[in-house]
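The working numbering numbers the first residue of the sequence shown as 1 and each following residue consecutively.
In case anyone wonders, no lab produced these hints; they're calculated from the structure. The reader is advised that the hints may include incorrect statements.
Unchecked claim - Each pair of labels, with its calculated beta carbon distance range:
id, residue 1, residue 2, range
1, Gly-222, Pro-136, 21 to 31 angstroms
2, Ala-258, Glu-235, 12 to 22 angstroms
3, Ser-131, Asn-240, 36 to 46 angstroms
4, Glu-128, Ala-68, 21 to 31 angstroms
5, Arg-8, Arg-189, 17 to 27 angstroms
6, Thr-229, Ser-64, 29 to 39 angstroms
7, Gly-190, Glu-235, 32 to 42 angstroms
8, Pro-136, Asp-244, 27 to 37 angstroms
All C-beta atoms, glycine included, are put in the ideal place defined by N, C-alpha and C.
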Amino acid sequence: MTSLLRVRDINFSYAGPILQGVSFDAAEADIVAVLGPNGSGKSTLLKTIVGILSPKSGTVSVESRDLAKLSRREAAQLIGYVAQESASMFPLTAMEYVLLGRFAFGKLIGFESDEDVREATRAMELTETYSFKSRPISELSGGERQRVMFARAIASRPRLLVLDEPAANLDIAHQVKMLDLMKRLTQERGMTVVLVTHELNLAAEFATRVLMLKSGRVHAFGEPSQVMTQRKLRELFEANLMVDVNPMSGAPRVTVSASDALH
């Protein structure tokens with residue numbers, strides 16, 4: 001497997017260790033779903049992958065380029081990022097916010113090229129946000145903002161797209177549409193995706209690889225059918241859940257008991 005993303009022995013600490021020896025590879029067009037309980041280091045891992053946080057030790061490379069040696073602009077040309085935080089604090093219209101995704105190519109609001117506008121428009125059309133392109137970000141619903149943030153991330157045509165709970169504010173129809181689009185973009189553009197999600201069944205359907213984190217360490221990594229087993233998921237979440245096979249897709253299907261704690 002030729003790796004587009006290579007994460008090697010990442011260690012990170014705040015007051016105590018958060019990530020401990022995390023390593024994994026993702027190939028071109030992979031969709032890697034990062035699963036784990038709260039406090040397992042998922043969001044911290046994403047922030048080290050995109051360069052917001054610097055690991056205590058270890059390396060992150062994209063297309064064999066060491067992220068630590070890249071400028072902010074060079075990294076932005078390779079990586080698109082959608083955080084959990086809302087975009088509502090920006091005093092911009094939806095289109096202006098999406099155009100910020102072209103920052104990697106040296107453009108500022110008001111100085112966009114025709115190509116910048118075309119790419120932003122295409123990203124908004126793909127995410128079904130173009131119809132409210134002139135509305136202020138602050139007036140959008142949580143789900144609409146989430147889709148605009150996704151449009152901004154893909155407007156630069158990144159090689160690696162990193163998303164922290166991208167479906168959190170979306171209804172089930174828009175969750176599926178976003179993941180379908182993500183899958184389509186990986187196939188058409190060769191883009192690799194790493195995303196954190198709590199939606200286990202959507203991860204099983206759309207991910208090509210699953211990375212399980214527990215207490216900052218890799219609990220399991222592999223194809224959903226290999227690692228999303230009842231034993232591994234019970235160990236990961238310490239919850240009383242059952243795994244069988246989705247009769248429609250053949251993917252693992254997770255059912256959680258109403259009395260979910262293991263005794």
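Now for the hints, and whether the structure bears them out:
At roughly 44 angstroms, the beta carbons of Gly-222 and Pro-136 sit outside the given window of 21 to 31 angstroms. Distance hint check: the CB atoms of Ala-258 and Glu-235 are about 21 angstroms apart, consistent with the given range 12 to 22 angstroms. Hint check: Ser-131 to Asn-240, Cβ distance near 44 angstroms, so the stated range 36 to 46 angstroms holds. At roughly 37 angstroms, the beta carbons of Glu-128 and Ala-68 sit outside the given window of 21 to 31 angstroms.
Against the hinted window of 17 to 27 angstroms, the Cβ-Cβ separation of Arg-8 and Arg-189 comes to about 25 angstroms, which satisfies the hint. For Thr-229 and Ser-64, the hinted distance range of 29 to 39 angstroms is satisfied, since their beta carbons lie about 33 angstroms from each other. For Gly-190 and Glu-235, the Cβ-Cβ distance of about 34 angstroms falls inside the hinted range of 32 to 42 angstroms, so the restraint holds. Between Pro-136 and Asp-244 the beta carbon distance is about 46 angstroms. The supplied range of 27 to 37 angstroms is therefore violated.
In terms of the numbered hints stated before, the structure departs from hints 1, 4 and 8, listed from lowest to highest.
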